[in-house]
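Trainee: The lines below spell out each chain.
4 protein chains.
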Amino acid sequence: MAAKAKIGVLGASGYTGAELVRLLLRHPRAEIVLLTADRRAGKLMADVFPQFSPYALPTLTSIEQADWKALGLDLAFCALPHGTTQKVITELMARAPRTKVVDLSADFRLADTQAYARWYGHAHFAPKLQKGAVYGLTEIYRSKVKAARLVANPGCYTTCSELPLIPLLKAKAIDPDEIVIDAKSGMTGAGRTAREEMLFSEVSEGFHAYGVGHHRHMAELDQEFSLAAGREVVVTFTPHLVPMNRGIFSTIYVRGLKASPEQLHAMLLKTYAKEPFVHVLPFGVTPQTRHVRGSNMTFIGVAADRIPGRAIIVSTLDNLTKGASGQAVQNMNVMLGFPEAMGLEQVALFP
Amino acid sequence: MAAKAKIGVLGASGYTGAELVRLLLRHPRAEIVLLTADRRAGKLMADVFPQFSPYALPTLTSIEQADWKALGLDLAFCALPHGTTQKVITELMARAPRTKVVDLSADFRLADTQAYARWYGHAHFAPKLQKGAVYGLTEIYRSKVKAARLVANPGCYTTCSELPLIPLLKAKAIDPDEIVIDAKSGMTGAGRTAREEMLFSEVSEGFHAYGVGHHRHMAELDQEFSLAAGREVVVTFTPHLVPMNRGIFSTIYVRGLKASPEQLHAMLLKTYAKEPFVHVLPFGVTPQTRHVRGSNMTFIGVAADRIPGRAIIVSTLDNLTKGASGQAVQNMNVMLGFPEAMGLEQVALFP
Amino acid sequence: MAAKAKIGVLGASGYTGAELVRLLLRHPRAEIVLLTADRRAGKLMADVFPQFSPYALPTLTSIEQADWKALGLDLAFCALPHGTTQKVITELMARAPRTKVVDLSADFRLADTQAYARWYGHAHFAPKLQKGAVYGLTEIYRSKVKAARLVANPGCYTTCSELPLIPLLKAKAIDPDEIVIDAKSGMTGAGRTAREEMLFSEVSEGFHAYGVGHHRHMAELDQEFSLAAGREVVVTFTPHLVPMNRGIFSTIYVRGLKASPEQLHAMLLKTYAKEPFVHVLPFGVTPQTRHVRGSNMTFIGVAADRIPGRAIIVSTLDNLTKGASGQAVQNMNVMLGFPEAMGLEQVALFP
Amino acid sequence: MAAKAKIGVLGASGYTGAELVRLLLRHPRAEIVLLTADRRAGKLMADVFPQFSPYALPTLTSIEQADWKALGLDLAFCALPHGTTQKVITELMARAPRTKVVDLSADFRLADTQAYARWYGHAHFAPKLQKGAVYGLTEIYRSKVKAARLVANPGCYTTCSELPLIPLLKAKAIDPDEIVIDAKSGMTGAGRTAREEMLFSEVSEGFHAYGVGHHRHMAELDQEFSLAAGREVVVTFTPHLVPMNRGIFSTIYVRGLKASPEQLHAMLLKTYAKEPFVHVLPFGVTPQTRHVRGSNMTFIGVAADRIPGRAIIVSTLDNLTKGASGQAVQNMNVMLGFPEAMGLEQVALFP
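Protein chains in written order, with my numbering: chain A, 330 to 680; chain B, 330 to 680; chain C, 330 to 680; chain D, 330 to 680.
Just chain A, with the same shape it has in the complex:
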């Protein structure tokens, strides 16, 4: 049996951290040798996430205590809050030149550090690293990911919209100025920080929009859509919160350029025919978040609007899996030369 890769998870006490551990515990080629969680350092992972009680895992430690060189990690997943990330990764990559990194924060997603400064309100702390970072939308950037040392794992909202739209924009099949994305997210997308507006009684039994007209994910969408279209694209995007744990759902309103809705569907079907994690449903059929829950799948549906020339594209994925930790492991597989689907073959959990 091949040796296992030594893996670290920085920020293991959050939801994307737990999802990484869930996947890696059953990955045939990965061995978790480091779990960090600054505020919980010294605790067991089972104290923080009791579902891991039956399994042997390293005790949680603080990042400060980690000796990057001695650890000799093959790969570190970084699931830390925005900002901190840049500093930690800079240090880690300097100390441990052999260690590769998949970063799940937004810190390295924007190639343009000016755009970063504009959206995040401060200069980027690691502009040099940014230059080498690869945007890890695996299906689109697979070959670059293969060669990368630092991969910026895409956001959940953005992955869900980019997978259906990038091929259509590249093919100039839709009008780049007429895209409206009405996006909905489950609550785990907001993380595990204790905030009043995320309490059960604040979010159950109701629905609402947030960040209307201005949301940081727009920067990432702008970047990728502009690249695909070959010119500047600015989309209308509204995120909403659904009283459910997992799932991103994008209802995308587009206008075809010479292409009919059926043709848009055919293009996507062809683009993703051999992809293990992108599944295009029959024309007119739209997906449900629950049917991808816990899996690394993206389900895409295309339907005709009753207004001629317009189509409605619906896309869904699990924000913690394909929208975060699943795609991160997919990127790890590509970076370390493992089969791309290894450890990611769980079927969705429904009901």
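Just to be clear, a hint being listed does not mean it is correct.
Where chains are identical, the list cannot tell them apart; a pair therefore holds if satisfied intra-copy or between any two copies.
Stated by the list, open to error - Below, in silico cross-link-like pairs of lysine-lysine (DSSO-like), each with a Cα-Cα straight-line distance of 27 Å or less: (1) K603 <-> K372; (2) K603 <-> K460; (3) K499 <-> K372; (4) K335 <-> K473; (5) K416 <-> K501; (6) K372 <-> K599; (7) K460 <-> K333; (8) K416 <-> K587; (9) K603 <-> K499.
It should be emphasised that the hints constitute simulated quantities derived from the structure, not laboratory data.
Got chain A sorted already, so can you dock chains B, C and D onto it with the hints?
Mentor: Positioned in the frame of chain A, the structure of chains B, C and D alone reads:
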């Protein structure tokens, strides 16, 4: 004390029926004298909805057993399934010439019986009654409702979109060809019929769209928007289901015609300044379904999109109250000369 | 029309505070003249609870800023955290000798200040006030509440168990040493404080027990059950959390002493025959939390166990209404000489 | 690589059917060659459960069309409704003498066909088969399961109570006459049949008991507890429904016989030390349903009651996995000589 009006509820075993009973039980001028439920005839309302156990209510009866003349109803609410409704109301109005009717089904909402036939797949059974029916969007058609004998209570999705858009279309402030309505509904909107796709385990912990590209509510939207704009309007409309009981939420993408988002907001604020059941939030603030739950309120918010010239209007109401039974009681109040808000002043139940 | 009573709500930014405001806004004899919320002082109630946007309410203020004498409150509801409460009420009652108080915290519920010290880990700050405090389980202590200046409103768990058990213990109909209470609560019972274990994603889609073997509510149960039985009673009590907002549900296992389950049912039926807020269901029928949601009702059911001599009593109420703010308003009505059910007649909101 | 076993799933359109398919699709030694669903015969599994769209699976067929002999199944899982089951299995076992069967219904769980007749209201249709059937609580009856041709897979409620109690009853450590089981179940336990009381709006946001004092699962508990105790045992058992999809949670009140709560804990810890699917938490720690979701784990906690001599045992599992299809696959593994945990190693999905 003034005499109470004699009220009947036809179809009391469904959710809109129960909501009518909830409201009428505490209405100072209404007395429930008839409750029908064909399949449950002979049962107590408490058997069908145990929350009514402590209250005295008529035993459920079948419509066939109802002697319309002898009952002498002042007003009947009709919460029956589509189709049956037309026949029952025709008979009732012929037998009891003094009885007024508020119909909660879709049967009398479309003034054009041709459009009805097209959307519902059969000729209208009561085209003569249709001519006298008034579309009961109270805030817009108050004076007509006052004079009507038969009021067609609007749908929940449609009320939620029409209240913000009709004033803007009338004022020619937005482009009628560029309206995209992304609508979300709680599960009670689908009624109480036992169907697999409405089971708890099918709809909890998930989100999905339905009727993409074609949904009967479109006919009602087309009618009202065309009337308001003074020319034909066809909108893009996608309904979705949220794992919650009550609430309609509409995210509406519009483009201003000379009017800025701030001006659209000002128009709505002015239009609804004195309305007890339509509340326009400060510019940029958008509402949540949970803050209108159980009340007859519609909350409306207006925000600027980051794309110049575009605005995002968000509107919410409780589908069983303002979206059905609450507006029906509001119409009853207008029709019977009671204060319009009587019996409808409950504050929303949150959390 | 009679003058309205001047009412203050201390701690208006929590869930019981909001529930008080919901009820008082529609109470014919109450006028809210003071709302406090220390951390949110200066904000509007609509900022903290948007459902109140359409209504005129006093701006939130801090307790420090309140001039008790000048305010001349007829009654203050105190919905503050444990501990603070004792100090605030002491000061208020000294400064404003005419003002009555209903306290919703646990601070004045234990008549024995020694027991208080044992369960709460510090000496009681206001032992003198404690002597005059009346335990406000309205149906049981109505006449004492009428004469009280300070009423300690019972807890939600305790109200739900005491209403069915106190009459049976008084009648010596059940064995006081064989009571097992398996209690379940909705999430609003845990309040609005931002804590990780109350986040949506921590509590939705799951069920768990807490405080197993030791929970502060036990002290209150011990006190009332011992009083009713005329000797020391210690019960087995396990609280659980249900992924729902409102509702307490108690499954109570008892053994009859000469009395059959049917006789226990008959006793409860007789005891509560004329009570507006306690409804005993037919023998063998057990209640559901959803059928009392938003109402001030307690529903009680009694069934026979298959083991002879044992009965299962099931009791439910809305923890924010009869379990807190509704009962507090009921106590206010008794204390101020208003009809006991005034402002509390809302029918439950289901679905 | 070893040849794969040919597996059939009878009743694939229900929730336990889907769960079997989820597990078997990733089982290294199983190949699904037959899926039946009478009412959906001719449809694809993806039509009935869209989460399976990306995978190749046999088309749904009716049982009548199945040629048991030709199919040559190694093992059939039977997830059919009660009653039908006995007939189908009798036929199948006669025609295909090599095929083993794991039945997920209650039909073969009661060794005493008289008890069956009493609880189910009709004589058993296959009393001869019943004699050879083995009750498939794997951890307890492993060696019998190994030799069996027909295994009756235990119920979800019963598995959850039997795993903690059987060892204690065998050791005569607790009083068999003083067991109170307060059990709670997620909604998938009620199956996928369209019934009004299982609609989302009937069961979300609330909690209730059912079958109080009389529930068919009692027969199974009586049988196993009596066997373990070596004399007749009758327990108090109350089932409840929780607004969640998956999970059984049992709060069990017991009284030690000479054994302290700590000793009860130590016994369970020792009994299950090497079991892959039963995990005993540290003394005083109680489990949550969400931490076993989607896994084949049972988590057990033991705490002391404040009343001396009494303990509270809390046990939880996923009703569709360890409570049904997971344990069924575990039994299959034992029956076919595969490693017992094969295909069942998924870590719980939380959040």
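Trainee: When the hints from earlier in the document are held up against this structure, which numbers fail?
Mentor: 2, 3, 5, 7 and 8
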